[in-house]
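Each chain, letter by letter, is given below.
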Amino acid sequence: MNRALLRISLACLVMFVLLLINMNYVQAFETGKLAAEPGNIRVFDEQFTYQRGSIIANGDGTDLKIAESVPVKGTDTYQRYYPDGPVYAPVTGYDTIYSTSGIEQAENSYLSGTNPKLAVHNLGALLTGKQKQGATVELTISPAAQQAAYTALAGDGGHPAALVAISPSTGAILALASYPTFDPNQLATQDGAKLDKVDQQLLTNPSQPLLNRAISETYPPGSSFKIVTSSAALSTGAVASPNTPVYAPSPLTLPNGNLLVNDGGEICGDGMPPMIQAFWMSCNTAFGHLGSTMGAPTLRRYSSQFGMNRSLFIPLHVVPSVLPEGSGWTDPSLTAFSAIGQYNDAVTPLQEAMFSAAIANGGKLMYPYLVQQVVGPGLAVIQGAKPSVLSQAVSPAVASDLQSMMYEVTHNTGGTAYQTAGPQVTGGITIDGKTGTAQNGIDNGNLNDAVFTCFVPGTAGQPSPIAVGVIVQGGGFGADAAAPIAVQVIRAYLQAHS
Amino acid sequence: MTVAADANRPVAMPRGRRRTELVMLAFAVAVVLLAYAAVGLGLRGKLPGLPADLVAFAALMVVAHLAIRRFAPHADPLLLPLAALLNGLGIVMIYRLQESGRNGNPGLQVTDMSTSATTTQLLYTGVGVAVLVAVLVLIREVRVLQRYTYTLGAVGLVLLAIPAMLPASHSVVNGAKVWIIFGSGFSVEPGEFARLALAVFFAGYLVSKRDVLALAGRRVLGVVLPRARDLGPVLIAWAASLLILIFETDIGTSALFFGMFVVMLYIATQRTSWLLIGVTLFVAGSWLTALAVPHVMERFTVWLHPFAGSNATGIAYQPVQALEGLAFGGLFGTGLGQGQPYHTPLVQSDFIFSAFGEELGLVGVMALLLVFGLLVQRGLRAAVAVPDPFSKLLIGGLSFVLALQIFVIVGGVSGLIPLTGITTPFLSQGGSSLVASWILVALLVRVSDTARGPAPQPIQDEGMTQVVRAG
Numbered sequence: 004m005n006r007a008l009l010r011i012s013l014a015c016l017v018m019f020v021l022l023l024i025n026m027n028y029v030q031a032f033e034t035g036k037l038a039a040e041p042g043n044i045r046v047f048d049e050q051f052t053y054q055r056g057s058i059i060a061n062g063d064g065t066d067l068k069i070a071e072s073v074p075v076k077g078t079d080t081y082q083r084y085y086p087d088g089p090v091y092a093p094v095t096g097y098d099t100i101y102s103t104s105g106i107e108q109a110e111n112s113y114l115s116g117t118n119p120k121l122a123v124h125n126l127g128a129l130l131t132g133k134q135k136q137g138a139t140v141e142l143t144i145s146p147a148a149q150q151a152a153y154t155a156l157a158g159d160g161g162h163p164a165a166l167v168a169i170s171p172s173t174g175a176i177l178a179l180a181s182y183p184t185f186d187p188n189q190l191a192t193q194d195g196a197k198l199d200k201v202d203q204q205l206l207t208n209p210s211q212p213l214l215n216r217a218i219s220e221t222y223p224p225g226s227s228f229k230i231v232t233s234s235a236a237l238s239t240g241a242v243a244s245p246n247t248p249v250y251a252p253s254p255l256t257l258p259n260g261n262l263l264v265n266d267g268g269e270i271c272g273d274g275m276p277p278m279i280q281a282f283w284m285s286c287n288t289a290f291g292h293l294g295s296t297m298g299a300p301t302l303r304r305y306s307s308q309f310g311m312n313r314s315l316f317i318p319l320h321v322v323p324s325v326l327p328e329g330s331g332w333t334d335p336s337l338t339a340f341s342a343i344g345q346y347n348d349a350v351t352p353l354q355e356a357m358f359s360a361a362i363a364n365g366g367k368l369m370y371p372y373l374v375q376q377v378v379g380p381g382l383a384v385i386q387g388a389k390p391s392v393l394s395q396a397v398s399p400a401v402a403s404d405l406q407s408m409m410y411e412v413t414h415n416t417g418g419t420a421y422q423t424a425g426p427q428v429t430g431g432i433t434i435d436g437k438t439g440t441a442q443n444g445i446d447n448g449n450l451n452d453a454v455f456t457c458f459v460p461g462t463a464g465q466p467s468p469i470a471v472g473v474i475v476q477g478g479g480f481g482a483d484a485a486a487p488i489a490v491q492v493i494r495a496y497l498q499a500h501s
Numbered sequence: 005m006t007v008a009a010d011a012n013r014p015v016a017m018p019r020g021r022r023r024t025e026l027v028m029l030a031f032a033v034a035v036v037l038l039a040y041a042a043v044g045l046g047l048r049g050k051l052p053g054l055p056a057d058l059v060a061f062a063a064l065m066v067v068a069h070l071a072i073r074r075f076a077p078h079a080d081p082l083l084l085p086l087a088a089l090l091n092g093l094g095i096v097m098i099y100r101l102q103e104s105g106r107n108g109n110p111g112l113q114v115t116d117m118s119t120s121a122t123t124t125q126l127l128y129t130g131v132g133v134a135v136l137v138a139v140l141v142l143i144r145e146v147r148v149l150q151r152y153t154y155t156l157g158a159v160g161l162v163l164l165a166i167p168a169m170l171p172a173s174h175s176v177v178n179g180a181k182v183w184i185i186f187g188s189g190f191s192v193e194p195g196e197f198a199r200l201a202l203a204v205f206f207a208g209y210l211v212s213k214r215d216v217l218a219l220a221g222r223r224v225l226g227v228v229l230p231r232a233r234d235l236g237p238v239l240i241a242w243a244a245s246l247l248i249l250i251f252e253t254d255i256g257t258s259a260l261f262f263g264m265f266v267v268m269l270y271i272a273t274q275r276t277s278w279l280l281i282g283v284t285l286f287v288a289g290s291w292l293t294a295l296a297v298p299h300v301m302e303r304f305t306v307w308l309h310p311f312a313g314s315n316a317t318g319i320a321y322q323p324v325q326a327l328e329g330l331a332f333g334g335l336f337g338t339g340l341g342q343g344q345p346y347h348t349p350l351v352q353s354d355f356i357f358s359a360f361g362e363e364l365g366l367v368g369v370m371a372l373l374l375v376f377g378l379l380v381q382r383g384l385r386a387a388v389a390v391p392d393p394f395s396k397l398l399i400g401g402l403s404f405v406l407a408l409q410i411f412v413i414v415g416g417v418s419g420l421i422p423l424t425g426i427t428t429p430f431l432s433q434g435g436s437s438l439v440a441s442w443i444l445v446a447l448l449v450r451v452s453d454t455a456r457g458p459a460p461q462p463i464q465d466e467g468m469t470q471v472v473r474a475g
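So the sequences go chain by chain: R and H.
Under my numbering, the first residue of the first sequence is numbered 4, with each subsequent residue one higher.
Under my numbering, the first residue of the second sequence is numbered 5, with each subsequent residue one higher.
Chain R extracted, bound-state conformation (with noise of 0.2 Å):
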């Protein structure tokens, strides 16, 4: 009987190698894959029992904390708590026990101390047994900016509206503002029940608190969208210079017999003025002609060196401004209202600050981006922002052209903006800009979109400061609706930063 005692032990040495091969399988090799499964409890509840990374705003050079995890009291749970909710709010995004948004979602990796770049630190805790934990992350939000961003929109008579200003030599968003928003200390609970009630709070309410209209939304950019009509001219040569005279007729016939009226049916100069001027004073017939000309290829060819067309990660994901291409997107009778921001066209408010910051930085468009660094536990860094070209949007020598283009918007008596951003009005500094007023299909009576786009020139030797983009939905003229919500966010900007 022995000779089957020793097979039978045999088999029960075969056992418990399958055993021991499938645990090594489910506990070495199948972790990461069960971890991700849907629904995991314990991936789930562990969000509770480690202390995740602050959200820190740097861009006025000092920290301050946006986001935190506090302890919550009598519990061995943190909870998250946002100091300026509403203000940061686009840019935070929310961390609920179900899901994420904004930064929270972008940078999950680093603040929940799961990225393997922070494995090392991990793999320390666990042997001291110091509790693991989140990275910080610094965004390069400027706190003056943004709160001056969120009040502007707020005090705005409750319009839909968003903010970006960026720093155009680098891409630094240092405001990223959208009003109605939310409060995200509202979601910071671990109360399902009562998650799902303002959940669908949020959700239902016909205001879209939890849209971030600076990044998530497109307008038509309007007028606007004569700073890629010019670049496109003057890059091509359909157009000299800015002096070069233009065709401005009042009305602008168009190839299919369709009439293009300028805004008010207001007569442009001499019906052929300098670019320049058709420009400080938004003339419609002119750059529908300059359009039409030109073609819509070429115009959708210098919106995309803009940036347009395209997706993009600041990390949070960006939906892409467009000129679309659709059927029949040639007809120059159509590429006369695509070239003046009408028709198809579409862009974010983000897209509008990065149509001045172009010009601003000499024609170099930079990759807006919001994290200026990751910090471990440990004060390491990281990981560091890396400023990064986008593209050429045009060369220096046309930026120069646009940028004295832009300068008449705000400083020539006629232009459209001189009112409300003219150097009588921003204490002194300069702002070039342009304006937009965009008729938004929905009633082309008092609900057109204000736009408003600008920039603070370098000075000898200094890059420009800031470029800011705004859109405010329904606000009517661009000139009276957005560009003093910009002149608000630059004045305190450049107050913080003297």
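No wet-lab data here; the hints were simulated from the structure.
Even glycine gets a Cβ: it sits at the ideal position worked out from N, Cα and C.
Worth double-checking, as some hints may not be accurate.
[Unchecked claim] Each pair of labels, with its calculated beta carbon distance range: (1) Leu295(H) <-> Asp199(R): 40 to 46 Å; (2) Asn208(R) <-> Leu350(H): 40 to 46 Å; (3) Arg106(H) <-> Asn5(R): 25 to 31 Å.
Here the structure of chain R is known, so what remains is to put chain H in place on it, guided by the hints.
Just chain H, lined up with the frame of chain R:
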């Protein structure tokens, strides 16, 4: 063996190795105490006081050691320390799970474990040790059990059948109809004891019939097939295990019974055909049952597609929790008291191995599996060494079924094979399983004592008469 010229000189007794056993037992108890301290640190961040339960545990193990020293002085010194380590770690884990969500410890709000679960488990450990002592005192040679072959066979069948006969209110706990519920919270899982009784029956029956089973038969395709009439008992065992499967919805137990019977048949006859027939019958039977009984089919579905559709939150919830717990533990585990094993429903019984996997990690479960493996190996070793065929068969079968039980439950918990609800020996909460495990240890101790002990001395020197060890 040659008869020594000076046969009057006392033969040197083989060393008993009881001191070795004591040292290893102390080591095992120390590991248990450290694990308990780790639970305290993990749950509350400070060392717990020395609990009466664990002092009692240590005392019980000393009692077991003294009993072995007195009644089985030549027994294998590894058996008791291995059993003590497993039993102690089981108690520590039950304590840890009992504290989930209680006394300010993290865990689910409502844990279905009683606040006295640890004490109860310790009480059953005491019963187990008492039974160990009783077995050692009463059964001086395992082969005397052969006299009760048919009695124990009948007892085993009755024990097995009782839950099937009882109304659900007196036999069903958590969906398994394998209990006898006496009311007031006291219940017994007779299958655990039936297995031991039937093992004795199988061993007795096979020892007496093994020659005819081994020799008669025709050769077909190189395999010697048994005669049809000799197949009878096999078919009865097979039918009985299928009946258990159907009436008690308990695949695990039926697999254990059938596996035990087939393997003992194989050991007795050394004929591979029995193994082939047995495995074929079991696979065919399981498959037919799966087709006929939705509950059994569901087990296969859960095994193959735990995350498909709504399985993870529905029928596969428990095994999915176990798998995610194992993954959460990873290589080194979360540390005792620091994982979240309480998410797995009924983790303290069938799924306790996943709790160890979560909190001790891969290294911990590999160590546990090696401890189990060592116990099985020591059992098989005793079976090889013991001369008496009945003891050989009984202990060989029981050791194999211990390995099979671990394979079935650990493999089920970790997704290697379809899950079947059986206990993890020594670790799971529950008195029946624990006491039965201690009976098994007692039998192993007794057989290893017989195997390692000195050959029986002739009562008087009769010249040419000599003792020949059977083998």
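Please name the hints from earlier in the document that this structure breaks, with their numbers sorted from lowest to highest.
-> 3
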